[in-house]
Amino acid sequence: MTAAVAESAAVPMTAKRRGAQLAMLGFAVLVVMGAYASVGLGLDGKIPAGMLTYGLGLGGLMVAAYLVLARWAPWADPLLLPLVTLVNGIGLVIIYRIEQSGRPGASSTTQLMWTALGVVMFSATLIVLKDHRALQRLTYTMGFVGIGSLVLPLLPFIGKEINGARIWIGIGDTFTIQPAEFAKLALVVFFAGYLVAKRDVLALAGRRLLFIDLPRVRDLGPVLITWGLSLAVLVLQKDLGSSLLLFGTFIVMLYIATQRTSWVLIGVLLFLGGAILAGQVFDHVTARFEVWLNPEASEFYDRELGGSYQLMQGLFGIGSGGILGTGLGEGHPYLIPLAFSDFIFAAVGEELGLTGLMALLMVYALIVERGLRTAIAARDPFSKLLAGGLSFLLAWQVFIIVGGVTGLIPLTGLVTPFMSAGGSALLANWILIALLVRMSDAARRPPPQAIQDEGLTQVFQR
Amino acid sequence: MNGTLKRASIACLLMFGLLMVNVNYLGAVKAEDYRTDSRNERAFFARYAVERGWITADDGKTTLAKTVDTGGTFRFEREYPNGRMYAHVLGFFAPESSRGIEAAAGKYLDGTHPDLMFRRAIDFVSNKPAKGASIDLTLVPAAQKVAYDALRASGKRGAVVAMNPKTGAVQVMVSLPTYDPNTLAAPNKATVATAYNKLDADDQDPLLNRSTEKTYPPGSTFKVVTAAEFLEDDPSRNPETQVAAPQVLDLPQTTVGLPNYGGAACGGGQVSLRYALERSCNTPFAKFGMELGWDKMREQAAKFGMGEQIPFTLPVAKSDIGPEEELAALAQLSIGQRNNQMTPLQMLLVAAGIANGGEVMKPYLINKIVGPDGSVLDETEAEPFTEAVSRETADKLKEMMVSVVQAGTAVAAQIPNVSVAGKTGTAEAGDAPAPHAWFIGFAPADDPEVAVCVFIEAGSAGNDATGGGTAAPLARDVMQAVLQAK
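As they're listed, the protein sequences go chains A and P. Residue numbers for the first sequence follow the numbering used here, so the first one is 878 and each next one is one higher. Residue numbers for the second sequence follow the numbering used here, so the first one is 1136 and each next one is one higher.
Simulated from the structure, these hints should not be mistaken for laboratory data. Here a beta-carbon is modelled for each residue, glycine too, at the ideal position from N, C-alpha and C. Heads up, a few of these hints could be off.
FRET-style restraints, in silico, Cβ to Cβ [to be verified]:
hint : chain 1 : residue 1 : chain 2 : residue 2 : range
1    : A       : R980      : P       : V1203     : 24 to 32 angstroms
2    : P       : A1163     : A       : R980      : 22 to 30 angstroms
3    : A       : T1018     : P       : T1171     : 54 to 62 angstroms
4    : A       : K1007     : P       : K1263     : 51 to 59 angstroms
5    : P       : K1263     : A       : D1008     : 56 to 64 angstroms
6    : P       : P1249     : A       : L1243     : 25 to 33 angstroms
7    : A       : E1176     : P       : D1168     : 15 to 23 angstroms
8    : P       : F1209     : A       : E1176     : 55 to 63 angstroms
9    : P       : L1148     : A       : G1025     : 30 to 38 angstroms
10   : A       : P981      : P       : F1209     : 15 to 23 angstroms
If we take Cβ atoms under 8 angstroms as the criterion, some of the chain A residues that face chain P in the derived model are [said to hold, decoys possible]:
hint : residue
11   : V1028
12   : Y1132
13   : M1235
14   : L1249
Use the sequences and the hints to build the structure in full.
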């Protein structure tokens, strides 16, 4: 505990920095408006007519979000909202740009509408959830909601299979949502609550093997259940990305809660076992792996289904962008399949270049960093675990999809947070940010100062 | 929990670090491979993103190839207003390849030439589409039209080339049959490939530039070269030198003799050199060749550029008199048969060299290169190619070639009030019943402004085609057109 006290001194109790936040927010909106104008200039030499509407729309939304934040979470981290606004805005611009080239499937108006709804969810979460620790009491409800959401698409009538993955529910064809996006949030809340309650048991050492304290066999239950759940997502919904996302996040949260490296090893072993198992059962899992090893081979490139055509088109885009990119509206990102969703990162690479990609990754890294900082500054274990888990979820998701699109790891379909077209993911991620904001407000709020100026007294933090 | 949280943070940092390293690897190291990958359609778009320079003739007054801003995905498209007439000179700008001037001056036209780098940098910074330099050709449009129309009217296959013998500037270059380069310039790989394959499979070979890319036996036009060496060999010889002209020349080691054209007699068996050339008798020239020997014949041929690569704006097939064989072969070679294979451009250089007092100028097509801002980047200057014969020999040859047009086989090439020099050729084309018809010449003989070579391919002008009857009138029209355009 003394270590925790010493560390707490390193976390500064900063001011609200509301002015700075507003300035950064304005800057983010200006950058997005500039990018929007740039698309129009690049495409046909004119500033697009809708720029003001869009810019003011986005600006208005963000001012509303800012006001809610200032009223209901005044001590919150000042960087989170501007950073997310920037990424969300750039995503809107890229989708607008792809839409202008006449590709079906991309609609910036729909995405702007979802953004608005996302901000509403963000505000609602902040207003309704005055204290995030209320979630701790909902641990098992959240677990049930999470698993239920995962199962929903499998039900007849409301479940839909689109592009080979059964992860959608919808009424008719017009309104579809991906409950898995919300399930991720619910499950992270569940993991946090569950692990806080059980972490002492799970940390108990069993047998010692080489240098590692293995957990007791009877404590393997939760890991095996999560593993089974992830495999079920993979098998029944053919959703590689979500499966990997879920399992990875759980293992990391387990590690954070128990401080046992052995859990990470067990997790990696289980993952490998699951991957080998899946590879034997499903051709498409093996195919993804082969394609990853040698995407340039024409054998894979020309393959009708599950080949490397998409990946290579994305890489061609990034390669053609080079260091500075072609400039917005000046490249041909619409040649990349799904440039408005899974491959939006490659589209950014083509038009904004290596420079743009680095900036974008830096913004994501900063969001994650602010989240992790919140976790470290948080005062109770549930908040620490929840903030850490949500931040890792975000980082892990960026890693899986960006790593996949850039050929670092085998490609699995996931949305790029805040950028890809798609309502469910956007809403869920805005709620995720609201939760981080709520927790950072709690963490940064100055503790009640009962005793003043008594040098030896320290506020106890854990 | 803070310890493990910090370790988890380091894991996140590592993940972002890996992504960043990988993105840098893609954007800086692998980018070039991806950019140039044949499966990357962007290279194809980039071809049409440049405002390609125009190709003109006659100091920019006639447009041969222009660039049209469509504003579409393929922004700048290429158009050839008079494509068929100039096809073999201009070539084409296809999605994946180019030919002719489009290929030869490609770096100027698309602005990637180092001379244009500064200009390109300005365009890049000011975000304007890159603009290439324009190429002005030496062609004389009026004469090109006359040559094209005259050759096409009769449905003949062949080539007409003309140049200024004093400078080497090519004035006319026509090859038939031709094709429409516009069909190959469409920004659509599939349609262009279909159009190209169709042209390529055509057994009339429309894609072939007959004036430079293929060699043919030159027939009697080669007698000018044999005569040149005969005169050079002994400076005392002149047009009036008496030479033996039997009806049939006995060839060593064979039972067949070499007759004159149609087996006719040539004078009284003993004629002047001038007469032998006027009548295009075979036997005297075949005899000269055998007497002079392989080495001297080869040397003289080389002085006209034969057996060497002719430096030219467009690709040129190598002309050659063939490998050394028995003496009988040398006799046939000396009258332009056997393995003697010449491009029409090469035979044009023979005429031009004699017209220019023995000095062959380097042929060229590009008059000047004009930058996008209108400044002249480069202007071709006349350069000598080879010294074919002495001035004296050139004068003697010129005198005889004038006689050929005045009183010999090429009377059809006469132009009123202009003295024309020339030589006809009617060459057996392998086993084909019909011969190739040739004419080389220049005008005005005393101060040559134009040298011309007309070649009519075997079988396209009937079995009784001759250089004098088929090629000479065409040459006359072309020379007249060039002289009038001055």
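Inset, instruction - Could you tell me whether the CB distance from K1007 of chain A to K1263 of chain P stays inside 51 to 59 angstroms? - result: Distance hint for K1007 of chain A, K1263 of chain P holds at roughly 57 angstroms.
Legend entry - Distance restraint evaluation - K1263 of chain P, D1008 of chain A, Cβ atoms, bounds 56 to 64 angstroms: For D1008 of chain A against K1263 of chain P, whose Cβ atoms are near 59 angstroms apart, the range 56 to 64 angstroms holds.
Inset, instruction - Please test the hint of 30 to 38 angstroms on the beta carbon pair from L1148 of chain P and G1025 of chain A. - result: holds (35 angstroms)
Inset, instruction - Note whether the CB distance of T1018 of chain A and T1171 of chain P lies within 54 to 62 angstroms or breaks it. - result: holds (57 angstroms)
Inset, instruction - Starting from the hint 15 to 23 angstroms, judge whether the C-beta atoms of P981 of chain A and F1209 of chain P obey it. - result: holds (21 angstroms)
Legend entry - M1235 of chain A as an interface hint toward chain P, with CB separation required under 8 angstroms: holds (6 angstroms)
Inset, instruction - Please verify that hint: V1028 of chain A, Cβ, nearest Cβ of chain P, below 8 angstroms or not. - result: violated (29 angstroms)
Inset, instruction - Indicate whether the distance between the beta carbons of R980 of chain A and V1203 of chain P respects the range 24 to 32 angstroms. - result: holds (26 angstroms)
Inset, instruction - Would you check whether L1249 of chain A satisfies its interface hint, that is, whether its CB is within less than 8 angstroms of any CB in chain P? - result: Constraint on L1249 of chain A satisfied, holds at 5 angstroms.
Legend entry - Given hint Y1132 of chain A near chain P, where the shortest CB pair must fall under 8 angstroms: holds (6 angstroms)
Inset, instruction - For the range 55 to 63 angstroms, tell me whether the beta carbons of F1209 of chain P and E1176 of chain A fit it or not. - result: violated (31 angstroms)
Legend entry - Hint check for D1168 of chain P and E1176 of chain A - Cβ pair distance inside 15 to 23 angstroms: Holds, at about 18 angstroms.
The structure is inconsistent with the numbered hints 6, 8, 11, although it conforms to all the rest.
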